[in-house]
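S.K.: Given chain A, work out where chain B should sit, using these hints.
Residue numbers (this note's numbering), protein chains in the order written: chain A, 490 to 942; chain B, 5 to 258.
To be clear, the hints were calculated from the coordinates, so they are not data collected in a lab.
Honestly, I wouldn't trust all of these hints.
Below, a list of computed lysine-lysine pairs in the BS3-like style, where the Cα atoms sit at most 25 Å apart [to be verified]:
{"id": "1", "chain 1": "B", "residue 1": "Lys14", "chain 2": "A", "residue 2": "Lys573"}
{"id": "2", "chain 1": "B", "residue 1": "Lys85", "chain 2": "B", "residue 2": "Lys250"}
{"id": "3", "chain 1": "B", "residue 1": "Lys14", "chain 2": "A", "residue 2": "Lys556"}
{"id": "4", "chain 1": "A", "residue 1": "Lys574", "chain 2": "A", "residue 2": "Lys559"}
{"id": "5", "chain 1": "B", "residue 1": "Lys10", "chain 2": "A", "residue 2": "Lys556"}
{"id": "6", "chain 1": "B", "residue 1": "Lys15", "chain 2": "A", "residue 2": "Lys559"}
{"id": "7", "chain 1": "A", "residue 1": "Lys728", "chain 2": "B", "residue 2": "Lys15"}
{"id": "8", "chain 1": "A", "residue 1": "Lys574", "chain 2": "B", "residue 2": "Lys10"}
{"id": "9", "chain 1": "A", "residue 1": "Lys662", "chain 2": "A", "residue 2": "Lys730"}
{"id": "10", "chain 1": "A", "residue 1": "Lys728", "chain 2": "B", "residue 2": "Lys14"}
{"id": "11", "chain 1": "A", "residue 1": "Lys573", "chain 2": "B", "residue 2": "Lys15"}
{"id": "12", "chain 1": "B", "residue 1": "Lys14", "chain 2": "A", "residue 2": "Lys559"}
{"id": "13", "chain 1": "A", "residue 1": "Lys715", "chain 2": "A", "residue 2": "Lys869"}
{"id": "14", "chain 1": "A", "residue 1": "Lys730", "chain 2": "A", "residue 2": "Lys574"}
{"id": "15", "chain 1": "B", "residue 1": "Lys224", "chain 2": "A", "residue 2": "Lys770"}
{"id": "16", "chain 1": "B", "residue 1": "Lys88", "chain 2": "B", "residue 2": "Lys195"}
{"id": "17", "chain 1": "B", "residue 1": "Lys15", "chain 2": "A", "residue 2": "Lys574"}
{"id": "18", "chain 1": "B", "residue 1": "Lys15", "chain 2": "A", "residue 2": "Lys556"}
{"id": "19", "chain 1": "A", "residue 1": "Lys574", "chain 2": "B", "residue 2": "Lys14"}
{"id": "20", "chain 1": "B", "residue 1": "Lys144", "chain 2": "B", "residue 2": "Lys102"}
{"id": "21", "chain 1": "B", "residue 1": "Lys140", "chain 2": "B", "residue 2": "Lys85"}
{"id": "22", "chain 1": "A", "residue 1": "Lys728", "chain 2": "A", "residue 2": "Lys574"}
{"id": "23", "chain 1": "B", "residue 1": "Lys102", "chain 2": "B", "residue 2": "Lys224"}
{"id": "24", "chain 1": "B", "residue 1": "Lys10", "chain 2": "A", "residue 2": "Lys559"}
{"id": "25", "chain 1": "B", "residue 1": "Lys91", "chain 2": "B", "residue 2": "Lys144"}
{"id": "26", "chain 1": "B", "residue 1": "Lys144", "chain 2": "B", "residue 2": "Lys160"}
{"id": "27", "chain 1": "A", "residue 1": "Lys573", "chain 2": "B", "residue 2": "Lys10"}
Since the structure is predicted, the reported quantities are computational estimates derived from the model, not experimental observations.
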Amino acid sequence: MTTSKTERPEKSTAKKPANVAPAKVSQQPESASAAGNGFSEGLGNLFRGLGLFIASLWKQFFGVIGKVLKQGYDFVESWLLDGKKSLYGLAMTRIVLGITGFGLLFFNFNTRLYSFGAGAAWNLEAMVAKSDFPKIWIFSLFHDVMLNDSVYTLCYLLLMAVAVLFTIGWRFKFVLPVYFVLWVSFIEANDMLGDQGDNMYRIALIFLFFADPAARISLDWRRRRKYQAKPETAWIVRKWKGEPLFDAQIGSLFHNLALVVLTAQVCFVYVSGALYKAGGKPWQNGWAIYSPLSTDRFGTWPALSDLFTFWGPVVVAISWGSIIIQMCFPLMLLTRPTRIVALLAIMSFHVGIAVLMGLPWFSLTMIAIDFIFIRDRTWKSIGARIRDSFRKSMLRARSKEPLEGEADEVGNADEASVDTATEPNAEKPTAEKATAPKAAKDKPKVTVQDASS
Amino acid sequence: MAEAAKPARKKIVRATMIVAVLLAAWHIFASFLWIAPPSPLRQVVPGTALTNYMIPFFGQSWSVFAPEPINGDYTLLVRAKVDKDGKQETTDWVNATKVEISMIHYNLFPPRAGIQSTELASEFKGNWDALTADHKVIVKLGYFNGTDWRNRLDAKLKSYPSANLVPAYMGSEYMITAYSTQVAKAVWGDKVSQVQFQVYRQNVTPFENRNTPGQEPQPKQIADVGWRGLITAPGQSDEDFSSVFKAAYDRLQK
Chain A
490 MTTSKTERPE KSTAKKPANV APAKVSQQPE SASAAGNGFS EGLGNLFRGL
540 GLFIASLWKQ FFGVIGKVLK QGYDFVESWL LDGKKSLYGL AMTRIVLGIT
590 GFGLLFFNFN TRLYSFGAGA AWNLEAMVAK SDFPKIWIFS LFHDVMLNDS
640 VYTLCYLLLM AVAVLFTIGW RFKFVLPVYF VLWVSFIEAN DMLGDQGDNM
690 YRIALIFLFF ADPAARISLD WRRRRKYQAK PETAWIVRKW KGEPLFDAQI
740 GSLFHNLALV VLTAQVCFVY VSGALYKAGG KPWQNGWAIY SPLSTDRFGT
790 WPALSDLFTF WGPVVVAISW GSIIIQMCFP LMLLTRPTRI VALLAIMSFH
840 VGIAVLMGLP WFSLTMIAID FIFIRDRTWK SIGARIRDSF RKSMLRARSK
890 EPLEGEADEV GNADEASVDT ATEPNAEKPT AEKATAPKAA KDKPKVTVQD
940 ASS
Chain B
5 MAEAAKPARK KIVRATMIVA VLLAAWHIFA SFLWIAPPSP LRQVVPGTAL
55 TNYMIPFFGQ SWSVFAPEPI NGDYTLLVRA KVDKDGKQET TDWVNATKVE
105 ISMIHYNLFP PRAGIQSTEL ASEFKGNWDA LTADHKVIVK LGYFNGTDWR
155 NRLDAKLKSY PSANLVPAYM GSEYMITAYS TQVAKAVWGD KVSQVQFQVY
205 RQNVTPFENR NTPGQEPQPK QIADVGWRGL ITAPGQSDED FSSVFKAAYD
255 RLQK
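Chain A extracted, bound-state conformation (with noise of 0.2 Å):
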């Protein structure tokens, strides 16, 4: 930035006597001599004022120009190129998703053979699949085993080893490949019992490879940070230890820009989304999801639905206020206080859809994606503070102490005292904060400094 910016008015100078002036001071004596009077040469001073004034505004207008897009360019070269964005909340995208794809192959378990197997061969998808990728050689696993209950199964409980894998981060790079062509696989292998969120869920995949999330909260990241960098060692042994595939800016280059296309991706959901309802009769008038709620399918839990549909203008807050949120949803992600409600709104919007309308694994997926906006610092303080709890709770379960006084340490989890197993007495403010450095103190601290490192 520095270099470019003595560089720019040196080039500008160097041209600047070469084009304008010179021309100019030919025209002076030319013209002078002609007229010879003193009226027409204050009138063609004032034109060559006028003329230079234009000329530097024209220069100082593309100078600014060229300045900010110089600017911007720097800034996004910088913003892809230097370093990964979003690390833990990409990681805990991984890890919601890892879940919901184990959590949805755990609930449909039992009903597995009835709805996906030889149960449901009344469908005849294991005839003609519905889906394109069935069709695709790769992700036709499921399809082709989907009549014989013994590989079935082993090939379900193979994808379900895999989603664990996925989720704790063990050798991503590979696990991604193959968890993305078995998950496609099994639930494209039954058309009718699919719903958006299996879309998402694997759109989501897709940009996963491009990323790396894998780098935070995972076995892959703990493998990492053990790894140093032996030069000797072989290239193939130096990549299997931990060292990074790629150059480091080619590496944030694709991260980031996964990063950029996840967000479009959820902003045009969302916005679409709105869009589509906001021409529907029921949503403008403010009724719309008691519509839903009242149907024996989506109306999962009757005496909820009731509750929720009892009173009007509830039913026009979450239908109307469903619309907003989620057509405001990426303007609100500019600025941090909005991006908070927006956060908070858009969470409650997919715990509501989760649990009244029976869409668990729908719901989280986008919960999961939603994850990435939320800052690696926010990430980093909720894990010290879980962290901090655990080893607190731990300490004080050895040494046989009642949780008392928890709700005092909520509040102040640094200084927390740790020591009230230790410091029977710690009831007054005083004591407890005179005592507290000395046993306690460098425990929290370290956690702090974990987390943050």
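M.R.: Frame of chain A; chain B shown alone:
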């Protein structure tokens, strides 16, 4: 930003960046066109290029519950003729949808098994609605004798105008008959010789009447279909079906 040491950029990195950014921009633009409500803006991508790019990997549709959310239930009832001591007895109707829905009601993590008959009934009703009045008269008749009853039904339906509607209908009738056969076998055993199914749609109580006590339920929009022969799809496992369905059915009887 970054006044101090600005990282060096290799040429290859810059070139990769330009290509990757262009690809990402194209993907974002294509997704925008695909996800947003259809508009003349789609004409900027010539021919079928957009579809070819988006399908199948980025296939999606976000007009969920829009412009109008679903406001009715689809139900599938099944009954059968069962051989009992040489005589044929007609069973009561079993509400297969109610049986499956019981798997997802008051369940935080409902299995997909619970929505099969609803999906099936909804698809069937759509194809039945599309038939002409003449077709509907034929469909209401019983077709169950011999092994060629489907061919006879098919030929009869195609002998009327709008024969082009018949394949879609016959396809969904196959599925729903095969499903009903499974339900009948699960509930009444192997002595089943014919099945009949009924599909209806029933709207929810209008919003303004939702809290009025003693509301009459909305009228059932019934698709009338006659008796049918049994259909067992290739590879169908009666056991895999009945073990789940019968268990849910028995739970509901208690």
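S.K.: Of all the hints given earlier, name the ones this structure violates by number, lowest first.
M.R.: none
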